[in-house]
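If you read the protein sequences in the order shown, they are chains A and B. Each residue of the first sequence is one higher than the one before, counting from 1 in the numbering used here. Each residue of the second sequence is one higher than the one before, counting from 1 in the numbering used here.
Hints are supplied without guarantee of correctness; some may be wrong.
When chains are identical, the list treats them as one kind, so a pair holds in a single copy or across two.
Straight line, CA to CA, 20 Å or less: simulated SDA-like cross-link-like pairs of lysine to any residue [stated by the list, open to error]: (1) 13 x 256; (2) 56 x 294; (3) 57 x 139; (4) 56 x 199; (5) 56 x 279.
What the hints contain is simulated information worked out from the structure, not anything from laboratory work. Model, not experiment: these values are computed from the prediction.
2 protein chains.
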Amino acid sequence: MEYIFSDRVGNLKPSAIREIFKYAADPEVISLSAGNPSPDAFPSKEIAEISADVLKKNPISCLQYSITEGYAPLRARLKTYMKSKYGIGTENDDLLITSGAQQIMDLASKSLINEGDVVICEAPSFIGSLNTFRSYNCRLRGVEIESDGINISELEKALSEEKNVKFIYTIPNFQNPSGVTMSLEKRKAVYELAKRYGVLIIEDNPYGDLRYVGDDIPAIKSFDTEGIVIYAGSFSKTIAPGLRVAFTVAPAPVFQKMVVCKQGQDVHTNIWAQIMVDEFMARYDYEQHLEKLRRIYSKKAAYMTHLLDQNLPPQVSYNKIEGGLFTVCTLPDYVDMPQFCRELINRKVCVVPGNAFLADENEVCHNFRINFSTPTDDQLRRGIEILGALAKEVVR
Amino acid sequence: MEYIFSDRVGNLKPSAIREIFKYAADPEVISLSAGNPSPDAFPSKEIAEISADVLKKNPISCLQYSITEGYAPLRARLKTYMKSKYGIGTENDDLLITSGAQQIMDLASKSLINEGDVVICEAPSFIGSLNTFRSYNCRLRGVEIESDGINISELEKALSEEKNVKFIYTIPNFQNPSGVTMSLEKRKAVYELAKRYGVLIIEDNPYGDLRYVGDDIPAIKSFDTEGIVIYAGSFSKTIAPGLRVAFTVAPAPVFQKMVVCKQGQDVHTNIWAQIMVDEFMARYDYEQHLEKLRRIYSKKAAYMTHLLDQNLPPQVSYNKIEGGLFTVCTLPDYVDMPQFCRELINRKVCVVPGNAFLADENEVCHNFRINFSTPTDDQLRRGIEILGALAKEVVR
Numbered sequence: 001m002e003y004i005f006s007d008r009v010g011n012l013k014p015s016a017i018r019e020i021f022k023y024a025a026d027p028e029v030i031s032l033s034a035g036n037p038s039p040d041a042f043p044s045k046e047i048a049e050i051s052a053d054v055l056k057k058n059p060i061s062c063l064q065y066s067i068t069e070g071y072a073p074l075r076a077r078l079k080t081y082m083k084s085k086y087g088i089g090t091e092n093d094d095l096l097i098t099s100g101a102q103q104i105m106d107l108a109s110k111s112l113i114n115e116g117d118v119v120i121c122e123a124p125s126f127i128g129s130l131n132t133f134r135s136y137n138c139r140l141r142g143v144e145i146e147s148d149g150i151n152i153s154e155l156e157k158a159l160s161e162e163k164n165v166k167f168i169y170t171i172p173n174f175q176n177p178s179g180v181t182m183s184l185e186k187r188k189a190v191y192e193l194a195k196r197y198g199v200l201i202i203e204d205n206p207y208g209d210l211r212y213v214g215d216d217i218p219a220i221k222s223f224d225t226e227g228i229v230i231y232a233g234s235f236s237k238t239i240a241p242g243l244r245v246a247f248t249v250a251p252a253p254v255f256q257k258m259v260v261c262k263q264g265q266d267v268h269t270n271i272w273a274q275i276m277v278d279e280f281m282a283r284y285d286y287e288q289h290l291e292k293l294r295r296i297y298s299k300k301a302a303y304m305t306h307l308l309d310q311n312l313p314p315q316v317s318y319n320k321i322e323g324g325l326f327t328v329c330t331l332p333d334y335v336d337m338p339q340f341c342r343e344l345i346n347r348k349v350c351v352v353p354g355n356a357f358l359a360d361e362n363e364v365c366h367n368f369r370i371n372f373s374t375p376t377d378d379q380l381r382r383g384i385e386i387l388g389a390l391a392k393e394v395v396r
Numbered sequence: 001m002e003y004i005f006s007d008r009v010g011n012l013k014p015s016a017i018r019e020i021f022k023y024a025a026d027p028e029v030i031s032l033s034a035g036n037p038s039p040d041a042f043p044s045k046e047i048a049e050i051s052a053d054v055l056k057k058n059p060i061s062c063l064q065y066s067i068t069e070g071y072a073p074l075r076a077r078l079k080t081y082m083k084s085k086y087g088i089g090t091e092n093d094d095l096l097i098t099s100g101a102q103q104i105m106d107l108a109s110k111s112l113i114n115e116g117d118v119v120i121c122e123a124p125s126f127i128g129s130l131n132t133f134r135s136y137n138c139r140l141r142g143v144e145i146e147s148d149g150i151n152i153s154e155l156e157k158a159l160s161e162e163k164n165v166k167f168i169y170t171i172p173n174f175q176n177p178s179g180v181t182m183s184l185e186k187r188k189a190v191y192e193l194a195k196r197y198g199v200l201i202i203e204d205n206p207y208g209d210l211r212y213v214g215d216d217i218p219a220i221k222s223f224d225t226e227g228i229v230i231y232a233g234s235f236s237k238t239i240a241p242g243l244r245v246a247f248t249v250a251p252a253p254v255f256q257k258m259v260v261c262k263q264g265q266d267v268h269t270n271i272w273a274q275i276m277v278d279e280f281m282a283r284y285d286y287e288q289h290l291e292k293l294r295r296i297y298s299k300k301a302a303y304m305t306h307l308l309d310q311n312l313p314p315q316v317s318y319n320k321i322e323g324g325l326f327t328v329c330t331l332p333d334y335v336d337m338p339q340f341c342r343e344l345i346n347r348k349v350c351v352v353p354g355n356a357f358l359a360d361e362n363e364v365c366h367n368f369r370i371n372f373s374t375p376t377d378d379q380l381r382r383g384i385e386i387l388g389a390l391a392k393e394v395v396r
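Extracted from the complex, chain A is given alone in its bound form (with noise of 0.2 Å):
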């Protein structure tokens, strides 16, 4: 048999992450490249009191089909926090439960795209989303970002030159993998070029609970009179990955399409686990909770801002850590970074090369990500000193 596939998925690869997570998985290594949140942050002992009561109380709300809009009591429940908490909702806006965050990249590609429209991203973002973008054959065009986030008037330039921009996506809260947080000034403008050049924006914000230092900064979303602007929350950091829930607010327009795409694609959400959700907000302090997170994180930040900064020649530059579970490192232009990465992975220590991050992954790129949360301690220490050391010898 000859497979004939689709012309969207011909040229589709693996994600260049997971050739690097097989490396990861050897016990040997020690892996700074997941994005894993700490097991200590999970409520292990909050979810299986939850998940006792309910499947003794009331095991077909749990077990039975339920509607693809997402678990009633959790949609009314994110509706009211998101407005009162953010400023995020207007009566024109709706919110849907989804299948983890990247299902809201997957959900509004597929209402939005056409072969051959553009989206506008972030130099470098998220891998995940981005390749979830190529998957409607859109083409991506990439805007530098700077340490307050994307090069505005490069993102004119881009909108001006580009037809049938769809949407800019960006992350504007210790963005991954730059760590970088868009200042407000920024944040307004890029909704006001949204607004003049008649685009859209997604506004994801997986790490926007986990601040270490500084302010808050209002979400893009909060500004959204207009109806542009599609923001995607999740639980994936704040309460745990496997669950698999996140959310979007969106315009009614395009929550209406996206409901219909999530009806053909999984029908909905693990009820479960919308549930598990619901019933930790009701009946726990989540802002607690979000507090203890916070604490557990920015003590790791702090750990590996310290060794960083022992470790690290002064040619090796990251970039501070305000949030979020990463950082970058940016190596001198003479060195090669691949075969660096190549090297430190001989040396058991794995990283992600930068160029995984960008909208065209052949272009030359001198940094990579590491990730603080998912190591312990010792082995952040172990881990950044075999970096450090092999930077001193790469560095002139």
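Start from chain A and add chain B according to the hints.
Quick look at chain B alone, frame taken from chain A:
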């Protein structure tokens, strides 16, 4: 803001069944329209036990990120089970865990269908699958279903007439909506035709384990030496649909594309649910569980048959129930079926008009689907009495 949607979803409507479910949600309405398994059939106690145990002993396994292909122990278990029980799976196949069988339809469509390709389906067929195929801009060609399955000479005609047929979609056991089972001879003929014309087959088998009379017939996939059959199995009817756990046994090259598409769609299926299925099969006697389901449903099927025989006038026929959850009733040609269904809703009984299941929903159609797994015995009795009374008013 003017929203411009992709061509693929511009004309996509919410499924006609959803409209009907609005009426069915009215507690005064007796719904014969659902496809929900009976809550009596859920192993609620066992799931509660397993969940409590796993969330106590190894909560992180239920909460952390997992791999796209599926929970490794469940994949291994299902490979062995499908091979030993049904002769399904060769060294050229692989097995992917999905978020319901609906996702298999989406992943296969995304991997295979280019705009303008043709999908051959039984007419009538499951609306959820047809809508997913439509969402990838293919054209559906329906081939009539007879009392022993798809019309083989019409299928051959379709294959010889249509260019760019990507796959044949079939539900060989207790087909939704018709309840019809395909004979062994026809299964072999469908396989040979697909092989001759170089097209794939999607064999969707959610109801295969729910046979109440007669002997099991081998799956088309069990003849598959050439790697042309994508088999879809599901736990929605045999354990619980809220879990959203299904699996496909597919030729390895197709499996690989589906994995890449799934990675971009939901990363992986809810891991707690995968563990529930794996542990349920490990700790309990799964064959005895299936036997229990068949006892519950065959009793309901027998009661439904009794009620139809007692209440329907001879001019209204129905398909004999051998398994599954549905049957189809056919009105005489001179009765306006949509009008009949609307009048039933006025009398507080809800069924699904047969045209919802056609490749072309506007085709004239004289049948409707009724379900016997969801209503209580009392609801069934009252529902079929009302249906029978109306039928007697309209026949001549």
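Comparing the hints with the structure gives:
1. 13 x 256: between (31 Å within a copy, 10 Å between copies)
2. 56 x 294: neither (33 Å within a copy, 25 Å between copies)
3. 57 x 139: For residue 57 and residue 139, neither the intra-copy (50 Å) nor the inter-copy (47 Å) Cα distance is at most 20 Å.
4. 56 x 199: neither (48 Å within a copy, 48 Å between copies)
5. 56 x 279: For residue 56 and residue 279, the Cα distance is within 20 Å both inside one copy (14 Å) and across copies (18 Å).
The structure is inconsistent with the numbered hints 2, 3 and 4, although it conforms to all the rest.
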